[in-house]
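Asks: Protein sequences, first through last, are from chains A and B.
When we follow the numbering used here, the leftmost residue of the first sequence carries the number 1, and every step to the right adds one.
When we follow the numbering used here, the leftmost residue of the second sequence carries the number 115, and every step to the right adds one.
Everything labelled a hint here was simulated from the structure, so no lab data went into it.
Some hints here could point you the wrong way.
Dumping the calculated DSS-like pairs for lysine-lysine here, alpha-carbon to alpha-carbon at most 25 Å [as the list claims (entries may be wrong)]: (1) A/K52 - A/K67; (2) A/K81 - A/K103; (3) B/K195 - B/K214; (4) A/K67 - B/K195; (5) B/K181 - B/K195; (6) A/K52 - A/K81; (7) B/K181 - A/K81; (8) A/K67 - A/K81; (9) B/K195 - A/K52; (10) B/K195 - A/K81; (11) A/K52 - B/K181.
The calculated label-pair distances, taken between Cβ atoms and stated as ranges, are [stated by the list, open to error]: (12) B/A138 - A/D59: 31 to 37 Å; (13) B/F132 - A/D59: 21 to 27 Å; (14) A/L41 - B/D118: 45 to 51 Å; (15) A/A90 - B/M115: 48 to 54 Å; (16) B/G182 - A/P114: 57 to 63 Å; (17) A/M97 - B/N215: 49 to 55 Å; (18) B/F207 - A/Q31: 40 to 46 Å; (19) A/M97 - B/A138: 51 to 57 Å; (20) B/F132 - A/T21: 38 to 44 Å; (21) A/P84 - B/G160: 25 to 31 Å; (22) B/A138 - A/G68: 42 to 48 Å; (23) A/T104 - B/F132: 49 to 55 Å.
We put the CB at the ideal spot given by N, CA and C, even for glycine.
What follows is each chain in one-letter form.
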Amino acid sequence: MTEDEAFKELAVQNLAGFGWTLTTADIPDSQSVDTVMNRLLSWWGTLDGDTKDIINASDITDGLWGKGYLTEWPALYTLTKGNPFGRVSATLEDVRMSMENAKTRAPDYAAQQP
Amino acid sequence: MTEDEAFKELAVQNLAGFGWTVTADDLPDLDSIQTVLRRLIDWWNGLSQDTRDLVGDFDFADGFWTKGWLYEWPASYNLFKGNPMGRLSNTLFDIQQSLKNAHDRAADYAAQHAITPIANDPAFQADSSSTSTSTQTQ
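Bound-form chain B, shown alone:
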């Protein structure tokens, strides 16, 4: 398993913990994800407190989509649609934490899942070939 594959698998697991259903295919590379999240978080942090109070519960998925702000990670539309965490700041935070955790654990996770299937083990194959030959001989 590559580190990128590990990141995606862990991200899917982490997001599922918050109730989101996504597949690894829904996740682009980490740079693309960070580009989208950074754009949204910068925008959110730039709003006045009054505006955050006013619009914090809104469903911004369509607005973000129309604005082109989800371009690098189209499937994130489904994470924002319906504002599932009740406030955009919560949604952003949960996504960010899920992906940060996945990123931090990806290297170890990939290493732990780098074990090749026993059928591909050269020693096993040699042994298997020997057995087969022996059977034919008989």
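Only chain A is shown next, with the shape it has when bound in the complex:
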């Protein structure tokens, strides 16, 4: 198993732990994932507290899609659609942690798999 395959498999497992159902085909390479997540988190980081409070309860998915922020990872649309965790910040954090964990574990996991 390649490291890229391991990353995708672990990402699917981690996301499943939060209740999302994806396949490895829904996960692009880790660099594309980083590009999208960094873009989203950078944008989120520019918002003041009031704006975060107001936006947090909204479903921002269509806005992200319309703005082209999900281009490198289109399937992220299905993760954020409906604001499944009730707060944008919680959704972004759960996705970020899942991807970070998958990226960290991928080399060992790939080495252990036949």
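Use these hints to put chain B onto chain A, whose structure you have.
Replies: This is chain B only, laid out in the frame that chain A set:
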């Protein structure tokens, strides 16, 4: 009709022109309305263009409500709910224009509707009393 009553009546008419159904009871005094609108417009204008693009189509009614930003004008929640004008900036603009127009026209409108009912006219009442007395006499 007082100027405040005229303002509210005109505001209801203007907002109806944009498809909103509100009554005069839904409208507080002008200062309260301006406080709410100024707060929302200042917030909107403070957002980056990217953020406006991203969130412009959102329904912010619940967020505004939870934040306490509609406190002085609770019924404005119904104007924002569902983001009826498609973009928050449009909704804010339409509300602002409706109320500005109502404010600008209120003084004249109140003056035009200050005519007292004819039944309250002292001359009519005197005349009416005279007729009544005359009838009794007969």
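Asks: Give a verdict on every hint.
Replies: Taking the hints in turn, this is what the structure says about them:
In summary, the hint linking A/K52 to A/K67 is supported, as the alpha carbons are separated by about 18 Å, within the 25 Å threshold. Between A/K81 and A/K103 the CA atoms are separated by roughly 24 Å; this keeps the pair inside 25 Å, and the hint holds. Straight-line distance between C-alpha atoms of B/K195 and B/K214 comes to about 21 Å, which keeps the hinted pair within the 25 Å bound. Proximity of A/K67 to B/K195 is assessed by CA-CA distance (about 23 Å); at most 25 Å being required, the pair is judged to hold.
Between B/K181 and B/K195, the direct Cα distance comes to roughly 15 Å. Compliance with the 25 Å bound is thereby established for this hinted pair. Of the supplied pair hints, the one linking A/K52 and A/K81 holds, its CA atoms being roughly 18 Å apart against a limit of 25 Å. Distance check on the hinted pair: B/K181 and A/K81 sit about 23 Å apart at the alpha-carbon level, within 25 Å; holds. Only pairs whose Cα atoms come within 25 Å are accepted, and A/K67 paired with A/K81 is accepted, the gap being roughly 15 Å.
Between the alpha carbons of B/K195 and A/K52 the distance comes to roughly 19 Å, so the proposed pair stays at or under 25 Å and holds. Taken as a hint, the B/K195 and A/K81 pair is honoured in the structure, with Cα atoms around 20 Å apart against an allowance of 25 Å. Simply put, A/K52 and B/K181 have alpha-carbon atoms about 11 Å apart, close enough for the 25 Å limit, and the pair holds. At about 35 Å, the CB distance of B/A138 to A/D59 agrees with the hint of 31 to 37 Å.
Distance hint check: the CB atoms of B/F132 and A/D59 are about 25 Å apart, consistent with the given range 21 to 27 Å. Distance hint for A/L41 and B/D118: a CB-CB separation of about 49 Å, consistent with the stated range 45 to 51 Å. Checked against the given bound of 48 to 54 Å, the beta carbons of A/A90 and B/M115, roughly 52 Å apart, stay inside it. Checked against the hint of 57 to 63 Å, the pair B/G182 and A/P114 passes, with Cβ atoms roughly 59 Å apart.
For the pair A/M97 and B/N215, the supplied restraint of 49 to 55 Å holds, since their beta-carbon distance comes to about 51 Å. Roughly 42 Å separates the CB atoms of B/F207 and A/Q31, a value that falls within the hinted 40 to 46 Å. Restraint check, A/M97 to B/A138: a C-beta distance of roughly 52 Å satisfies the suggested window 51 to 57 Å. A hinted range of 38 to 44 Å for the beta carbons of B/F132 and A/T21 is consistent with their spacing of about 42 Å.
At about 29 Å, the beta-carbon gap between A/P84 and B/G160 stays in the expected band of 25 to 31 Å. Against the hinted window of 42 to 48 Å, the Cβ-Cβ separation of B/A138 and A/G68 comes to about 45 Å, which satisfies the hint. Taking 49 to 55 Å as the suggested C-beta distance range, the pair A/T104 and B/F132 conforms, at roughly 53 Å.
No hint from the list above goes unmet by this structure.
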